[in-house]
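Could you put the whole structure together from the sequences, leaning on the hints where they help?
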Amino acid sequence: MNIRRVSFDHPDAVKLNHEVQSEYHVRYGDGGDATPLDPSDFAPPNGVYLIVYDESDAPVATGGWRTQDANDEGNLDGDAELKRMFVIAQARGRGLARRILAALEEDARAAGRTRMVLETGTKQPEAIGLYISSGYEPCAKFGYYRLYDESRCFAKQL
Numbered sequence: 001m002n003i004r005r006v007s008f009d010h011p012d013a014v015k016l017n018h019e020v021q022s023e024y025h026v027r028y029g030d031g032g033d034a035t036p037l038d039p040s041d042f043a044p045p046n047g048v049y050l051i052v053y054d055e056s057d058a059p060v061a062t063g064g065w066r067t068q069d070a071n072d073e074g075n076l077d078g079d080a081e082l083k084r085m086f087v088i089a090q091a092r093g094r095g096l097a098r099r100i101l102a103a104l105e106e107d108a109r110a111a112g113r114t115r116m117v118l119e120t121g122t123k124q125p126e127a128i129g130l131y132i133s134s135g136y137e138p139c140a141k142f143g144y145y146r147l148y149d150e151s152r153c154f155a156k157q158l
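Using UniProt numbering, you'd call the opening residue of the sequence shown number 1 and step up by one each time.
Heads up, some of the hints might be wrong.
Stated by the list, open to error - For each label pair, taking beta carbons as the anchor points, the in silico distance ranges come out as:
hint	residue 1	residue 2	range
1	A70	M1	15 to 25 Å
2	R27	R146	13 to 23 Å
3	P138	E55	36 to 46 Å
4	D30	D72	15 to 25 Å
5	P45	N71	11 to 21 Å
6	N2	K141	33 to 43 Å
Calculated from the structure, these hints are not laboratory results.
C-beta: ideal position from N, C-alpha, C; glycine also.
In structure tokens:
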């Protein structure tokens, strides 16, 4: 497996983003994640976007982080917000999400971020399991979905 830094508007990132949005729609029935995102959110040093490519150079997993500081949506100074963690169905169970998560944490730490935060939902139990087993703990809700009952927020000190 090969992890590469790409822009959020890279064709492979766009393709996988469409796949994750489709999965969110199936799970939640709401058309996907409506959180506003811009490719510049993931431009170093204020973030990064990663894609994992398999041995045949096909994109199979993604994840990114973006800088968040204290704001009216509940973020704190020093936050790095995890976004678009996704592994295609055919590549699940190989530890790719854990590898991307570790790479994103290291990158955010190197960029001076002090806390990684994320929002997921109750209909993504495998994601919640990954985050808890990786040292994330429930935190005060933040972000676009902070007022939704199905929303769950987690944080980990970097």
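List in ascending order the numbers of the hints, as given earlier, that are violated by the structure.
1
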